[in-house]
Every structure is written in structure tokens, then in C-alpha cells.
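**Student:** Given the structure of chain P, go ahead and fit chain H onto it with the hints provided.
Protein chains in written order, with the numbering used here: chain P, 46 to 432; chain H, 18 to 352.
There's no promise every hint is true.
Said to hold, decoys possible - Within a straight-line C-alpha distance of at most 20 Å, the following computed SDA-like cross-link-like pairs (lysine to any residue) qualify:
id, chain 1, residue 1, chain 2, residue 2
1, H, LYS70, H, ASN295
2, P, LYS371, P, LEU305
3, H, LYS185, P, GLY288
4, H, LYS185, P, ASN296
5, H, LYS185, P, TYR114
6, H, LYS222, H, ASP193
7, P, LYS125, P, ALA85
8, H, LYS201, P, ILE206
9, H, LYS185, P, SER292
10, H, LYS183, P, SER292
11, H, LYS38, P, VAL327
12, H, LYS185, P, GLU113
13, H, LYS185, P, ALA378
14, H, LYS147, H, LYS201
15, H, LYS236, P, GLY104
16, H, LYS311, H, ASN295
17, H, LYS181, P, PHE64
18, P, LYS344, P, LYS371
Bear in mind the hints are in silico, worked out from the structure with no lab data behind them.
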Amino acid sequence: MNNNEIPFWQDPKNRSIVFQVLAFVIVIFTSWYLFSNTQANLQRQNIATGFEFFTQEAGFEIGESVVEYDSSSTYFGALKVGFLNTFKIAVVGNFFAILIGIFIGILGLSRNWMVRTLSKTYVETFRNIPLLLQLFFWYAIFTEILPGLRQAMMPIKGFFICNRGLFLTVMADHPIWSWVIAAFFLGIALTFFANHFGLKRQAKSGQEFPIIIWGIGLLFLFPVLIWLLGGAPTKLSVPELQGFNFSGGYNLSPEFFSLLLGLVLYTGAFNAEIVRAGIMSVRKGQWEAAESLGLSRFKSLRLVIFPQALRVIIPPFTSQLLNLTKNSSLAVAIAYPDFVNIANTTLNQTGQAVEVVGLIMAVYLTFSLLTSFFMNWFNRKMALVDR
Amino acid sequence: MKKLSILLLFTLFSGQALAGKTFKNIMKRQKVRCGVTQGLPGFSAPDSKGNWKGIDVDVCKAVAAAVFGDPKKVEYISLSSQQRFTAIQSGEVDILSRVTTHTLRRDSEMGLNFAPVTYYDGQAFMVRKKDKIKSALNLNGATICVQQGTTTELGLADYFRANKMKFKTVTFENNDEVVQAFVKGRCDAFTTDASGLASERTKFKNPNAYMILPEIISKEPLAPAVGHGDDQWFDVVKWTVFAMLAAEEYGLSSRNVDKFMSSKDPKISRLLGKTKGNGKALGLNEKWAYNVIKQVGNYSEIFERNVGKDTALKLERGPNALWTKGGLMYAPPLR
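Looking at chain P on its own, in the form it has when it is part of the complex (with noise of 0.2 Å):
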């Protein structure tokens, strides 16, 4: 027998191998038992499984929603406004919440003393507050502070703001409008190739190219001719107080708006600290080297120093832009009717706690997972590239 043989047992390798079966047999043991638990008691007390009621009709009414929805829907069209809604404040809360943090965040390092302390004053408030509270602030805003329907502020003309939410004038609808729309993505699109070529360009022949000329072509020329070939409709839908609410224009629910305000300034404020953090950690040689170069201030921010700073920034913000997302389901609270608000309903009208709460479970998963997947994604499109 050769002495430099291992016994089985002090084989780091063998060993690791039969914990980690023993791990794996313990888990699948436990979930075996508490899903036959479940199903029995269930079972026992005839309470009804599965998603059938998904096909069933919902029989209530959601206060706000981007889809038809009325109360002869099912629950899948119920819980498909929910999903919708917590998709919006999402999408919406995390855009604003992004430039809120941004713009912040470069204030924060102003060599102004004036700038540099308001920036710090707000990401003090707000990052140290419990966002509950503060999403309850907003709300008791319009519920304790602002007038009545009848006796709404209007500090625009046609733009009205009382306990019901802010109306606001809009134009009224013309077929056009989604061609404007559509040429203003499309404009997107375009200015980005521009720039692209435009560098590419500069990088052969040193010629600057003028991208903030041709963005302001692309982003709003293209879309007016657009409307001018539609006829260009000028009719507005104006806000007009009618029964027992106001009737055209666009509205702002309290609940929304509240929420909006509540997540955007919350997030935004820890958002400011990370930019700001990320470009204090791009070293001040860059600055220096960027200024040898002759370039302005903002210039030697927006090619030099930002571009580096995002490597740090973009991981953090990943973090930030799922906690937006799954802060959204605080809406409960003040009565916006988010996907966690549906379903609780729906639980409460089918009593089908496991199915629902394990539904919740998933959707919150999903929208995590998309988050991070595309964060990923342009995180490493980002990240240092050896040439």
C-alpha cells in the first residue's frame, strides 16, 4: 500500500461529493413532504386547487388600467391589469429615478458650495426616510392638502390638480399621433446610427461630426413633417368638470402619481450617491489628461470621465433598478391597484392562497431575472475591452 494514498473519507473530493448528495436528498425529501402535506390538507378540506379560476369571471373593477378591463373579465384579464400596472410604474419610476440620480449626482460634486449642499440635503432626506412613510407623505397630500373636485387648482390653463389626481390637457385623438410617435422611436434609432457613423467618421479623419445638430433634426423635424402630412390636427382634450368627475384630458390618479413621486425620489436619491461615487472613483489623472487635451469641463465629463465611471456605476444600479420594482409592490398600501393588489383579491375572492401567493412569487422572479439579464448584457457591452 503506498503511504501517500488518501483514505476515502479524508478525500476532500469524495467527501465533498457525499455532502453534497446528502444535501440534495434532504432537500428533495423536505419538498417532497411538504408538497404531499399540502395537497393532502387541501384535499381534506375540499378547498379547491389549481388555476382554473383563471378562466372564471372576476366580478370586480380595478380603479385604473392601461387595458380593457371591466368586472365581466376573468381573473387572468384581472391579474393581466395588475401585472401592466406594475410594469408602468416600473418603467416609468426607474426612468425618472435614473436621470433624477444622474443629474443629482453630478451636482453632488460641483465645485459650488451652494450646488454641492442641496444635493447632499436631498440624498439625506430621502435615502434616510422608510419609503412607506414617505409614499404615505405623498398621498396625504392630496387626501389632507388639496382641494376638492369642485374646487381644483388650475395653475396652467387647462391643467387642474385637486384630491382626485392631476388632469391635464392632451391632444385630442387623430389617427396620426401614432405615426408621430412611431417617427419620434424611429428618430431614436437614427440619431444613434448617426452618431455612430459620425464617430467613426471623426476616428478616420479627425472632422468632428455635428450629432447634436442632427439629433435635434431627427428626434423632432422628422416627427412634425410627420404630422404635417397627417394634416396636423391642432384639437386639444381639454379637462372639463362633468357629474361627478372631470371628462377628457388625461388623468393622473392620486394613487399613481403618489407612488411615482414616492419610488422616484426614494431611489433617486441612492441612484446619486452611486453615479456619484462612480465618478469619484475614475482617478483625477483622467481629468487632468482630458484637460491637456483642451477640452471643456462637461466635454472631458461626458468622453472621458463618464464613460469609465459607468463600469462602476452600472452594477449597483442594476440592484437599484430591481429594488424600484419590487419596492412598487408597497402600492397596497396607498390603494394603487399594482399586480400584488390584484392579486390579493383575487386570493380573497378565490381563496386560493398557495396558487396565488406562488404566482406572485413568479412574477416578481420574472420581471428580476429580465432586469438583470439585460443589465448583464449591457454590462459587459460596457465593460473594459482588451484591444
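**Tutor:** For chain H alone, kept in the frame of chain P given last:
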């Protein structure tokens, strides 16, 4: 975290697996666990000393009196309308006495068994007097506050659909939040059971500024419920309620029940356990009904002291009168 919550959810349901029947558990624990509201005066709400009071509370007390001969052996667990069904399904409470409407789906799919109705109610609307709304049919286009996951939420949608009217809902899980939203002017109307409206109005600073519209738009028979799977326990709860109705019908109350112990009327002898048999059939002490009547009272006493004319709610008996007085309250023979 996710794994943990699944685990918690499963253990919630598995808790009952080996423990056997509800009734046995109650005897072992020497306490009835009673699921009540988070505070609805007249039905279940703590008074200034922290004692739970109300019709629903008295039902639980009566059940404890029937089982243990002691109405104090109750543990009150306050539940939101959302938590209530999970609480009874998982066995967290033994009896759900929480202004819960008896419906087909709840009786079947949700795994509940409903005892006799303890309060016949119907859904109504409350509005501000200054809005000059005279009928529920004037509510087209209104914003309405309603509690999430209730039969009222469904009844509201049904009523507006049937009358081809439009409305917007604002829903909260917690009843107090619904009421606050209405009082603060977020909604034009607030809807729940008519008794609930009367009860909530007692809490308002200025109750006279509000009015309840005349329409009763749905049937809301409120009844205590137990979980599927323990028939004996179901019988005990059911006949406790019937005993209180029978007592009122025969003229027995907590004040005079002792005098009736010498009564020659065979119906009364059976009810009070002098003629033996009823107690044994239910698995209780023969004096179970006597204890209920002596320690808690008959139905009329419970009604009057919690929601009757001398209380803040000032409710009439209406359909809750005995069948002999034109109401719907009726107990089958206790024999």
C-alpha cells in the same frame, strides 16, 4: 427569502395534518380561537378597557360557554378581510365570526362551513349630504371607496353593470383606510353592508354631514364559519346559535333562565338539559344551552346590547326579528 416564504406557507398548511380534529384541539387548549374584525363597533371591536364587544364576539363567547361553561375562554384574533379565509383554512382560528357573508363559493371551494346567519344584512351606500345625491341610481360616473376582497366589492360591480352605469373604485385592504379615503374626499361614496355603514358613521367627527342612501343592493347574510373536516365542531357552533334563537322564542333570557329550570314545558326542559340527550348528542355537557343563555344571553339580548336602539348604531330588528314577529330568525327543533 423566496424559499423561506414557500416553506412558511407550506408549514402553515401542514400544521394541522397530524393534529386531528378541531374540536379535540380546542378541548386540549381549553380555549376557542375566534377570528374577528380589526374593529367594527357593534360587531367586533375592543372597548375602552380593551375588552372585545359586539354580536360576532358574543357568538364566540356563546360557543365557549357551550363548550367549557365559561365565556371567557376565547382568544380573539383580529383579521383583515384578506387574511380571514387563509386563517380559517390553515386552522389559525377555530371559528371565523367576522361579518362574513355566506356564499356558495365560500361554502364549497374555499373550504368553509357556515353556521346559521347571525345578522341579515344588505349592501348600501353612504354619501355626503352636501352632494345632494338622493338615490344610488344617481351615482353614474362616481368614484367609490370599497374594501378589497369583499362581497361588497363584487356586489358594487354587479349593481353598476346591471344598471349600465360607470364608476371608479379606490380599494384598500384595511377598512379604516377605506373610511378615511371617503371622509377626506377621495371618493364620492363609500359602500359596505348597511350595518357597517351605521357602525362606521358612529366614529365620524360629524355623523350628520353624511347620509345612507335608501337602496339595499345585495343580500349579505352574515354568519359565523368553521373549516371543512370537523362535523362535530360545526354542529356545536350551529346549535349554539340556534339555542340563542330558541331561547328568545321561548322567552328565556340571562335574567330569568334560572326561574325556567322548574318549567314543566318539555321544549324548555330539553333546551336547558333537564331532559338529557341533546348535550350527549353534541358531545357537550348537558347544561350547554343553559350556560349559553345564562352567561351570554338570548339573541335579542345580544342584538339590543350591541347594535340595538339604545346603542350608537340604532339599528332596527327588521329582517333580524324572530319568524314569529315577521322576521327571518328561525331555529329548528332542539330535540
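**Student:** Would the pair LYS125 of chain P and ALA85 of chain P pass a check requiring their Cα atoms to be no farther apart than 20 Å?
**Tutor:** 31 Å, violated
**Student:** Mind checking the alpha carbons of LYS147 of chain H and LYS201 of chain H for me, to see if they're no more than 20 Å apart?
**Tutor:** Holds, because 14 Å separates the two Cα atoms, which is no more than 20 Å.
**Student:** Are the Cα atoms of LYS70 of chain H and ASN295 of chain H separated by 20 Å or less?
**Tutor:** 29 Å, violated
**Student:** Checking one constraint from the list: CA of LYS222 of chain H to CA of ASP193 of chain H, max 20 Å. Satisfied?
**Tutor:** Holds, because 14 Å separates the two Cα atoms, which is no more than 20 Å.
**Student:** Hey, LYS236 of chain H versus GLY104 of chain P, does the alpha-carbon distance stay inside 20 Å?
**Tutor:** 16 Å, holds
**Student:** Between the alpha carbons of LYS185 of chain H and ALA378 of chain P, is the straight-line distance 20 Å or under?
**Tutor:** 18 Å, holds
**Student:** Within 20 Å, alpha carbon to alpha carbon, are LYS201 of chain H and ILE206 of chain P?
**Tutor:** 16 Å, holds
**Student:** Check whether the Cα positions of LYS185 of chain H and GLU113 of chain P lie no farther apart than 20 Å.
**Tutor:** 14 Å, holds
**Student:** Is LYS185 of chain H close enough to GLY288 of chain P, meaning Cα to Cα at most 20 Å?
**Tutor:** Roughly 13 Å between the alpha carbons, so the hint for LYS185 of chain H and GLY288 of chain P holds.
**Student:** Is LYS183 of chain H close enough to SER292 of chain P, meaning Cα to Cα at most 20 Å?
**Tutor:** 13 Å, holds
**Student:** Is it true that the CA of LYS38 of chain H sits at most 20 Å from the CA of VAL327 of chain P?
**Tutor:** 68 Å, violated
**Student:** Given the hinted pair LYS371 of chain P and LEU305 of chain P, is their alpha-carbon gap at most 20 Å?
**Tutor:** 13 Å, holds
The structure fails hints 1, 7, 11, 17, 18 (numbered hints given earlier, in ascending order).
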